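Chains as they are written, first to last, in the working numbering: chain A, 1 to 470; chain B, 1 to 516; chain C, 1 to 222; chain D, 1 to 307; chain E, 1 to 142.
Accuracy of the hints is not assured; some may be wrong.
The calculated lysine-lysine pairs, modelled on DSS-like cross-linking and capped at a C-alpha distance of 27 Å, are [claimed, not checked]:
id, chain 1, residue 1, chain 2, residue 2
1, D, Lys37, D, Lys201
2, C, Lys20, C, Lys7
3, C, Lys168, B, Lys58
4, A, Lys40, C, Lys124
5, B, Lys86, E, Lys82
6, C, Lys139, C, Lys106
7, C, Lys124, E, Lys81
8, B, Lys14, B, Lys468
9, D, Lys43, D, Lys157
10, C, Lys20, B, Lys86
11, C, Lys21, C, Lys54
12, E, Lys115, B, Lys58
13, C, Lys58, C, Lys20
14, B, Lys58, C, Lys124
15, B, Lys149, B, Lys468
16, C, Lys7, E, Lys82
17, A, Lys269, A, Lys247
18, C, Lys168, E, Lys6
19, B, Lys30, C, Lys124
20, E, Lys46, C, Lys21
21, E, Lys115, E, Lys6
22, E, Lys115, B, Lys30
23, C, Lys124, E, Lys46
24, C, Lys168, C, Lys202
25, E, Lys120, E, Lys81
26, E, Lys6, C, Lys13
27, A, Lys40, E, Lys46
28, E, Lys82, A, Lys40
Worth flagging that the hints you see were computed from the coordinates, not collected in a lab. Here the structure is a predicted model, which is why all the values come from computation and not from measurement.
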Amino acid sequence: MPKKYHIPTKTAPPRFHPVGKYTTVEFRENCAGSCRMCVKKNCVYNIFTENMLHASTMAEPEYLYTCMSCFRCIQECTRGIFSRAINPDYRTLGDDYWCSDILHRLWYQAHTGKVPVSGAGYRGPFVAPGFDSMWTDMSEIVRPTRDGIHGREYINTCFELSRRVTRLEFNPDMSLASAVPPILELPLPLLFRLSPDLMINEHLLVPMARAAQVLGTLMFVRPQDVTPALSPYAHSLIPCLTEADFKEHGAMIGNSRVVELADAPGIEKVFNAIRNIQPEILLMVGIPLDSRAASRAADLSLTGVDSLHFYADEHGNELNAASPRFLKEMVREVHLKLVENSIRQKINLVFSGGIAMAEHMAKAIICGADAVTADHALLIALECRLCGRCRDGLSCPVKLDEPLDMQWGSARIVNLIGAWQNQLLELMGAMGIREARRLRGEVGRSMWFEDLEREHFGPLFGERKVSGLG
Amino acid sequence: MNQISKQQQLPEIKEVPSRFRNTIGKFTIKRSAACISCGLCAELCPYGVHLRYENYSKPMRPVEHKCIGFECRQNEYYCIDRCPQKALTLRLNPVLETLGDFRWPAEMLLAHWEMAETGHLPVVDLEYNLGNSGGGFDKIRFKLPDSEKYLDVSDEAMDLSLDLNKRRDGRPERRLSLPCYSGGMSYGSMALTALTGRARAAQKLNTLTCTGEGGYPEEFIPYADYVITQVATGLFGVREQTIQYAPVIEFKYAQGAKPGLGGHLLGDKVTPEVAAMRETVVGSSLFSPFPFHSVYSVEDHKKHVDWVKAVNPRGLVSVKVSTPTDVDMVAVGSYYAGAHIIHIDGSYGGTGAAPDIAKKNIAMPIEYAIPKVHQFLKEEGIREEVCFIASGGIRNAMDVAKAIALGADGVVIGTAELVALECVRCGNCESGRGCARGIATTDHELGRMISESYAEQRIVNMYMAWRKQWCEILRQFGMQSIRELVGRSDLLVHLDYLDETQRAQYQPVPRHRMII
Amino acid sequence: MIVAEQKPMAEIKELVAPYKKVLILGCGTCVKTCFAGGEDEVAVMASALRLAFKVDGKEIHVEEQTVERQCEDEFIQESAPAIARNEAVLSLACGAGVQAMARRFKSTPLLPGVNTTFIGVLEKPGLFTEECSGCGDCKLAVFGGICPFTRCAKKLLNGPCGGSQNGKCEVSAETDCAWHLIIERLTALGQMDNLRTYIPPKNWRASLAAGPRRLFREDHVI
Amino acid sequence: MTMESTSRLQKILSSGEFAVTAECGPPRGVDPEIIRKKGELLKGCVDAVNVTDNQTAIVRMSSIAACAHLVDMGLEPVMQMVTRDRNRIALQSDIMGAYSLGIKNILCLTGDHQTFGSQPDALNVFDIDSMNLVRTVKTMREEGRDMSGFELKGSPKMFIGAAANPFADPFEYRIIRLAKKIDAGADFIQTQCVYNLDRFKQWMKMAVDEGLTEKVHILAGVTPMKSAGMARYMAKRVAGMDVPENLIQRMGGVAKEKAPEEGLKICLETIAELREMEGVHGIHLMAIEWEEVVGEIVAGAGLMPRP
Amino acid sequence: MRNGSKVKVTVFHCINVFSEGDSRLAAKGENVELKFVRLPCSSLVKDVFLLRAFEAGADAVVVLVCPEGACRYVEGNLRAKKRVQWVRSLLDEIGMDGNRLALFNLPPGDSSDAKPIIQKVLAQIGTTPQAELSDRPPAGQA
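Just chain A, with the same shape it has in the complex:
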């Protein structure tokens, strides 16, 4: 048992008023708000006290973020002047995948470090595309303790990027004949990566690297983004190099524990060159997650690489495909291909793209990943609204293009990951699974929409006549 892993969270309030979900529509002409029973004064959540502040900067009028939608102001106003609308800015927040609801929850987690909790049952659709058409199992009577109280085993979320040795060889004198490969165990099946699709700069990378260090995980980084400010965290970085440029970054390789090489035909030929720079280094190859990814993985697994890193797009979709498949299917394909070839145990698989919520982490692992990376989620933890203005060369509404407080930034990220880890523990605990390693590929402990429909409704209603989710 490794030592108890605990993520210290600490409230880190947002710097800017987050885009609220609801806004009240009220006609002030009907009321000056000086009534003794004024619902603005009596709001249970005191959301109206700062109401004027929202209007005080014309940079952008902000609506009420804190409104909890209890409808009491609407229903109790003596003049009945209140109505409610959805904040138009909330409506257009993010995109279909990174929807406003997800952004809101990520902000909440980065702010508080807490697991989002709500009442009144599940509010969403019965089933939805992607990871939302899959449920995880639970066990009625077995649940490992999540925090190791009373000396019991706790749930272990570690994973390894180490080199996999299928067997040990011994000398005749029973001493170990094979070299013991370096072991790199990370406490959480999650790595960091800042997607170049959006903004990358030093102000963002430093707090993230610091958070990675605090959490004991690693962050992928392109050599062109590395600045001296990142040097204290060199040990927590994975440089993403190419066949062409790795020689220029020898120093970086020397300081790292893992290095990633972009996939290219014959890439295996440079492995030794890198190992010569730093013998202990663990090698990872970055592969686009497209239709050839599975066969490429099978090929590369035989070349002595330690881990593979697959890049899906920012929505977790297959690359270069007319009707792309989702991460769920893609992970499954790669994993099963390696299982089929009996080489799954030899390699570690990391997947990037579309990991937006804690459950995605668990579900991707169930599908067969060893670990995933958080990308946009990290930026969102720093209040990014995914508005895309930076792509158009416009200013950032939350000033991520300017220096930010490093302590605050890393606290927000640590909070987010702390909340994610807690949620992962909840899921694993409910399943009665004690180790993240055991979760990998364990589809038997999950339920898939198509299977449930077939097994439970098939006998009643016959054959499904619609494809997909219907």
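For this one, chain A is given, so just place chains B, C, D and E on it according to the hints.
Quick look at chains B, C, D and E alone, frame taken from chain A:
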């Protein structure tokens, strides 16, 4: 015979208006400054939308939830056209956009508020049978009935009862008048007045309510014969005495809202009263462990059941579990441990606060679990010896009927009762002072927003409205007892399993773009 | 409530002109209700003043604050730090509020931003009407709850003048003849006899005639 | 009716004779000749001359002074006094002063509101209303005390008049108000100009039915119209006036230069009808800035000689 | 026109007349810098919002609302209109041209009219950007 006559004494319906000054309606009516207070609208409207009190010349703000909307246009009393000043405007109420969610859309909420207010099905055109979730119950429909089979009997002659003890083990053969009873909500999670109101409603309706795992407040004692004592993993407030009070003792292994997790009550809600009941410290968060630490097998489980049976010789035993992949095995195991009632709680339900990740992702929806368990119990030959209860995301009368047709004997209702008490499903049950609407709160000020008689009558009204719907379904299929409906999945269709022409015969799945 | 209306911007500009730092102080009671001096009006006034001076090429620093009631020391005190930071106060409270402020803050010029008009009610959205003149000698019981001192242009006590027609006052066709209303109401109450009796001249001593009034509640003083 | 004053008007009215009074507005200036000229015109054709008090709230020579000039000429003035401009102190002192100058009749009025006059910005007083003024004069006359109850050295034996408008709303209340004025001490009542004879008849009938005409002399107001324009103006713009549409038509129906003639004709017809009405004890001619026509009307109505 | 710099226009609009995508597109103007403020109902333009927009440097403020009678909240656009009128008079009073503020009713979902409208407002206010107003010598010294 005695049972039947008892059942036919239906509780009285009494109008219980909203606790709030302004009601929310599907339509909104605005009266402009052009109004000359002539009072014609108040004279015209037969639905009581426009009220005008004696000696107060101005009509009051319209009672919007009573307005039937644009379909009124054809009537000669259509206020919008008749107003001499053209001072009235009718619109769809834009606030509905911000109300409700995929499972409980705004109209379903409004309809249930109306049922709880009047005891009748709404006059206003509201969709209250189907949600917007795009699957499960929302895609399942009753088959088009054969009009020749229609059974013309009155509501009073209908048998909607539910037998809880089918084991014939000498314990009481308890029969409820409704095919449903209400779910566990703990002392501490809810305003005591609301809880007591539920118990009073259960007595009036001859059904049951459940303590949840927060102990047994003495306010329940007058209604003890209608209150289930829950024994959950935290064993909060469980005493021999409280087990002896109860006609049914429920073991809660898991709950649908947070399958695989124990219950939890955040510190804010642990007031001195709650702490005393639960024998704990004021303000400290309470987490129930998961699972029962003394239960690791069916044998362990049986030991517990035997213990309860010994403590209360006339009590029935219910076992509440969630919906893992092997839910059918769990159900059978519970039967062998001696349970009278097997209660399966699906993943999408729940009333109290739970981690969002658990509500959404863990365990399967109840729609899948019901046929699975029903079938397995049949195969094991014990289907007729247990009372199979389903719950978790069963929202309305139609869902209840569908669940029964899928194979359950009855269901447990939670959220709908809260909606009857004017819950808006804002989901903030645990934040700050708790429910801003005074339902799920232990805050002294907020808790005063509900009176026992209000809670009691609103719940009675809602079930009486539901009863009308059930009776109509039974009549359409020529049945006189809801027991005839159990497991009749042949009466159901699922839209995704029909070809297009067949599907066109049924009401389509509501699909609105929602922002939740 | 006390009804007031904002002074024209030109007048306010003139009042404020000599100062570089001005606190605009609103009052959250009556003047808020009649849209003359609550938080919103303070914000509008501040913004408008800044713009106005910008147009004139002058600089002015405007601070905004609103207290619950400017006529009570307890609430005025909240504004003390802000007053200390500014050269003058533009008060959007009624005359009583302005004077209470003047009494408390001796060295700060106080500029009234509103004209205090009357004690009135919100008759309908956007319309405030005067209904009481604070005469100190209420006879509403006789007049069926409608005050002829205030609502009759001639303060007539013994019946309407000859100028009222169709229930409207001769002074303004928009004003109801108070006597018309009184008669209507007393007829409905069956108390028309009230009007047959002679109402003696009013004792104006309780009103402004005796100089500023005082109300002393001995029972509230220990 | 107490016979206290030495007013000639009172004597005529109480003798049962049909009385005629006429109105005279003081000048907007200080020249007493204007008053005297108007006095000459009225001399011999009226019983008393009614002098207005800043009528329509336009500043003029004071009623007291103008009355004093008429007294000097041997005419009998009726001094109008409005409560708009004076508080109770000034009112009482002016009444005593007027009496000392030989003014024996007073008409107690509230007065037109100042918003219609030359000084709309003025502060009105309205300390007491006309009802209370009537009572005050009566108390002074009969009890010899002022409002404070102080015993006066000699009391003003004034003949007290008050106004009534039978045409204002609310109609039903008008009789109550008349009764109240009589109760307060009015000896005679001067009405608003009568054009709408139907409504006036109705009002008179109510007054007769209530027995009020036994207690008070009612002088009906009569104003000759000069033109159709004037008729229309009075109908539309003057508060409390009721000019029936048929009269306006009639005035408009004749050529412009013939209009004054038609106006006089209407006036004479009205007087003839008024004389037939029970309870009408006289007429009050308000020939506004047209005093020269008064003699012609009185003669035409067959009411000469006067007094 | 201000030397080299763009004229700034702030547009408040009800989302029912003008969707998010449209406003982003329209924001890419040539000589005009447009700033869009989306509102769920045009009635949420408080008078202070309009003034603050000018304070923040807008040369003109345009309020786009639905056609009269089409407001979801029945009277929201009418109220917006009244407020715009009031603020226009206030602007006149303080010596800024009230024409800098304008309100237009647009048919829902039709954004093609927006550009000509904004051009129209700019034509109305002439060519004096707000910034140059403050460069003028104080009144009396001119």
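*Are the Cα atoms of Lys43(D) and Lys157(D) separated by 27 Å or less?*
Within the cut-off at roughly 24 Å; holds.
_Checking one constraint from the list: CA of Lys86(B) to CA of Lys82(E), max 27 Å. Satisfied?_
holds, 20 Å
*Measure nothing beyond the straight line between the CA atoms of Lys115(E) and Lys30(B); if it is 27 Å or shorter, mark the hint as holding.*
violated, 34 Å
*Going straight from one Cα to the other, do Lys115(E) and Lys58(B) come out at no more than 27 Å?*
violated, 45 Å
_Distance restraint between Lys20(C) and Lys7(C), which requires alpha-carbon spacing of 27 Å or less_ = holds, 20 Å
*Taking 27 Å as the top limit, are the C-alpha atoms of Lys14(B) and Lys468(B) close enough?*
This hinted pair holds, its Cα atoms lying about 16 Å apart.
*asked:* Does Lys13(C) sit within 27 Å of Lys6(E), going by the straight-line distance between their CA atoms?
replied: violated, 31 Å
_Check whether the Cα positions of Lys21(C) and Lys54(C) lie no farther apart than 27 Å._
holds, 14 Å
*asked:* Holds or violated: Lys30(B) and Lys124(C), Cα atoms, limit 27 Å.
replied: holds, 15 Å
*Is the hinted pair Lys58(B) and Lys124(C) satisfied, with a Cα-Cα distance of at most 27 Å?*
holds, 10 Å
*Are the Cα positions of Lys168(C) and Lys58(B) separated by 27 Å at most?*
holds, 21 Å
_Against the 27 Å threshold, does the CA-CA distance of Lys124(C) and Lys46(E) hold or violate the hint?_
holds, 21 Å
Checked against the numbered hints given earlier, this structure breaks hints 1, 6, 10, 12, 18, 22, 26; the rest are met.
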